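Enquirer: If you want the building blocks of each chain, they are given just below.
There are 2 protein chains.
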Amino acid sequence: MKLLEEKIKNEGTAIGTDILKVDMFLNHQIDPILVEEMGKEFYRLFKDCGATKVVTIESSGISIAVAAARCFGIPALFAKKAAHKNVGNEVYSAKCYSFTHGNEYTMNVSKKYLSSEDKVLIIDDFMAGGNACNALIDIIGQAGAQVVGIGIAIEKGFQPGGKALREKGYKVRSLAIVESMNDGEITFTPEIDS
Amino acid sequence: MKLLEEKIKNEGTAIGTDILKVDMFLNHQIDPILVEEMGKEFYRLFKDCGATKVVTIESSGISIAVAAARCFGIPALFAKKAAHKNVGNEVYSAKCYSFTHGNEYTMNVSKKYLSSEDKVLIIDDFMAGGNACNALIDIIGQAGAQVVGIGIAIEKGFQPGGKALREKGYKVRSLAIVESMNDGEITFTPEIDS
Numbered sequence: 087m088k089l090l091e092e093k094i095k096n097e098g099t100a101i102g103t104d105i106l107k108v109d110m111f112l113n114h115q116i117d118p119i120l121v122e123e124m125g126k127e128f129y130r131l132f133k134d135c136g137a138t139k140v141v142t143i144e145s146s147g148i149s150i151a152v153a154a155a156r157c158f159g160i161p162a163l164f165a166k167k168a169a170h171k172n173v174g175n176e177v178y179s180a181k182c183y184s185f186t187h188g189n190e191y192t193m194n195v196s197k198k199y200l201s202s203e204d205k206v207l208i209i210d211d212f213m214a215g216g217n218a219c220n221a222l223i224d225i226i227g228q229a230g231a232q233v234v235g236i237g238i239a240i241e242k243g244f245q246p247g248g249k250a251l252r253e254k255g256y257k258v259r260s261l262a263i264v265e266s267m268n269d270g271e272i273t274f275t276p277e278i279d280s
Numbered sequence: 087m088k089l090l091e092e093k094i095k096n097e098g099t100a101i102g103t104d105i106l107k108v109d110m111f112l113n114h115q116i117d118p119i120l121v122e123e124m125g126k127e128f129y130r131l132f133k134d135c136g137a138t139k140v141v142t143i144e145s146s147g148i149s150i151a152v153a154a155a156r157c158f159g160i161p162a163l164f165a166k167k168a169a170h171k172n173v174g175n176e177v178y179s180a181k182c183y184s185f186t187h188g189n190e191y192t193m194n195v196s197k198k199y200l201s202s203e204d205k206v207l208i209i210d211d212f213m214a215g216g217n218a219c220n221a222l223i224d225i226i227g228q229a230g231a232q233v234v235g236i237g238i239a240i241e242k243g244f245q246p247g248g249k250a251l252r253e254k255g256y257k258v259r260s261l262a263i264v265e266s267m268n269d270g271e272i273t274f275t276p277e278i279d280s
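Sequence order for the protein chains is A and B. Quick note: the first sequence, position 183, residue 269 per the working numbering, numbers continuous. Quick note: the second sequence, position 90, residue 176 per the working numbering, numbers continuous.
Hints are computed from structural coordinates only; laboratory data are not their basis. For clarity, every value in this text was computed on a predicted model and none was experimentally measured. Where is the CB? At the ideal position from N, CA and C, for every residue including glycine. There could be a bad hint or two in this list.
[Stated by the list, open to error] Taking lysine-lysine and the BS3-like style, the derived pairs with C-alpha atoms no more than 30 Å apart in a straight line are:
no. : chain 1 : residue 1 : chain 2 : residue 2
1   : A       : K198      : B       : K95
2   : B       : K95       : A       : K205
3   : B       : K133      : A       : K167
4   : A       : K167      : B       : K254
5   : B       : K133      : A       : K126
6   : B       : K205      : A       : K107
7   : A       : K126      : B       : K93
8   : A       : K93       : B       : K133
9   : A       : K167      : B       : K107
10  : A       : K181      : B       : K205
11  : A       : K107      : B       : K198
12  : A       : K197      : B       : K197
13  : A       : K198      : B       : K88
14  : A       : K107      : A       : K198
15  : A       : K95       : B       : K197
16  : A       : K181      : A       : K205
17  : B       : K167      : A       : K198
18  : B       : K167      : A       : K181
19  : B       : K181      : A       : K167
20  : B       : K88       : A       : K126
21  : B       : K126      : A       : K93
22  : A       : K95       : B       : K198
23  : A       : K107      : B       : K197
24  : B       : K181      : B       : K254
25  : A       : K93       : B       : K197
[What the hints assert, rightly or not] A short, non-exhaustive set of chain A residues, derived as facing chain B with CB atoms under 7 Å:
no. : residue
26  : H114
27  : I148
28  : V152
29  : A162
30  : Y199
31  : M267
32  : G270
33  : E271
[Claimed, not checked] Derived list of chain B stretches under chain A, where covered just means 3 residues or more per stretch with a C-beta under 8 Å from a C-beta of chain A:
no. : segment
34  : 203-213
35  : 246-260
36  : 264-270
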């Protein structure tokens, strides 16, 4: 998605070869027009997947997930992060290690909002190692629901998360795939356009 | 806002006289069409305030804040919650006690995204005692920015937060003001329509 790639180049900050900060427009301050366009683009890419629900993880995925869900006319649902596991039968939960924060957390989804009849489109802001996405897939599996697509705003193509999920057969589409970062120079992989 | 009041009556759950759960459509699962309409309504109520930025608190305020910000054509910004204070001069921060979670947390906003030239419209999903909103007002004050309006989705009118802020002179508008809850029966206060 050219609009997002341009935004990353113009306003993002690449630190070293691995850290990409986009808190100017995506995960602290949010550009609502960009988010709207991202939602439309996810709809274009996944409109034939039969999704009944968009699922994301708090907090940075929420705005994009809601924009996409509006295009589909289906609900959005966000997994809640908890420092320690909520006990009880009322939630599906999975543990996830965050490299960004250097800690393990538990994400929770109420059993009321995912069922075996759901076809889930996962949306998130970033994909690197794929830990968060895999935890979400675990939760969706616990509900007996089906993952019909994975839409990522920014994928770090030089990390293994996206590749591993594609090899497992998931339809993964990323609006911008960063191929490499070097001295602040960001190179993108051409997008998969369908 | 009739649409929101109806949604609360039909899908919300009142527990006792104080707890109102709206995780079916607002703060866990999200109805994107409702959120869009709420954004438009906040725009209608605050369009003359000269806002340059919409500021909210993660996570449940984000979708509404972004919907409103899109109507205004200005950025949204969300304060990040941290279990302990981020040290350093790079963030404005304020402590807040959460009655929902029974703990104190610190909310942080990067100094990069709030300045003395900003006119801030605060948007949040709930107002009860007003703790979170007051912490956000503290942060906005640290930046030398001005609060030009406070838009709340659901205000608990029987708790003191909204009244205290109105008495201080803030323009507070809530899309639904719950007057009382009793045995699952929810009564609303007529809205202020401008």
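Enquirer: For A:K181 and B:K205, compute the direct alpha-carbon distance and say whether it is at most 30 Å.
Expert: This hinted pair is violated, its Cα atoms lying about 40 Å apart.
Enquirer: Given A:A162 as an interface hint, is its Cβ closer than 7 Å to any Cβ of chain B?
Expert: holds, 4 Å
Enquirer: For the pair we were handed, B:K181 and A:K167, check the Cα-Cα distance against 30 Å.
Expert: holds, 20 Å
Enquirer: Can A:M267 be said to touch chain B, with a Cβ gap under 7 Å?
Expert: Result: violated, 20 Å to nearest chain B Cβ.
Enquirer: Okay, the segment 203-213 of chain B and chain A, do three or more residues pass the C-beta test at under 8 Å?
Expert: violated (count 0)
Enquirer: Once the shortest beta carbon distance from A:I148 to chain B is found, is it less than 7 Å?
Expert: At 5 Å from the nearest chain B Cβ, A:I148 passes the 7 Å test, so the hint holds.
Enquirer: Under 7 Å is the threshold here; is the Cβ of A:Y199 close enough to any Cβ of chain B for the hint to stand?
Expert: holds, 5 Å
Enquirer: If you draw a straight line from the CA of B:K133 to the CA of A:K126, is it 30 Å or shorter?
Expert: Given pair B:K133, A:K126 holds - Cα atoms ~26 Å apart, limit 30 Å.
Enquirer: Tell me if the straight-line CA distance from B:K167 to A:K181 falls inside 30 Å.
Expert: holds, 20 Å
Enquirer: Check the hint pairing A:K197 with B:K197 against an upper bound of 30 Å on the C-alpha distance.
Expert: violated, 39 Å
Enquirer: Does the alpha-carbon distance linking B:K181 and B:K254 stay inside the 30 Å limit?
Expert: holds, 21 Å
Enquirer: If you take the shortest Cβ to Cβ gap from A:H114 to chain B, is it below 7 Å?
Expert: With a closest approach of 6 Å, the A:H114 hint holds.
Violated hints, in rising order: 3, 4, 10, 12, 14, 31, 32, 33, 34, 35 and 36; the structure is consistent with all others.
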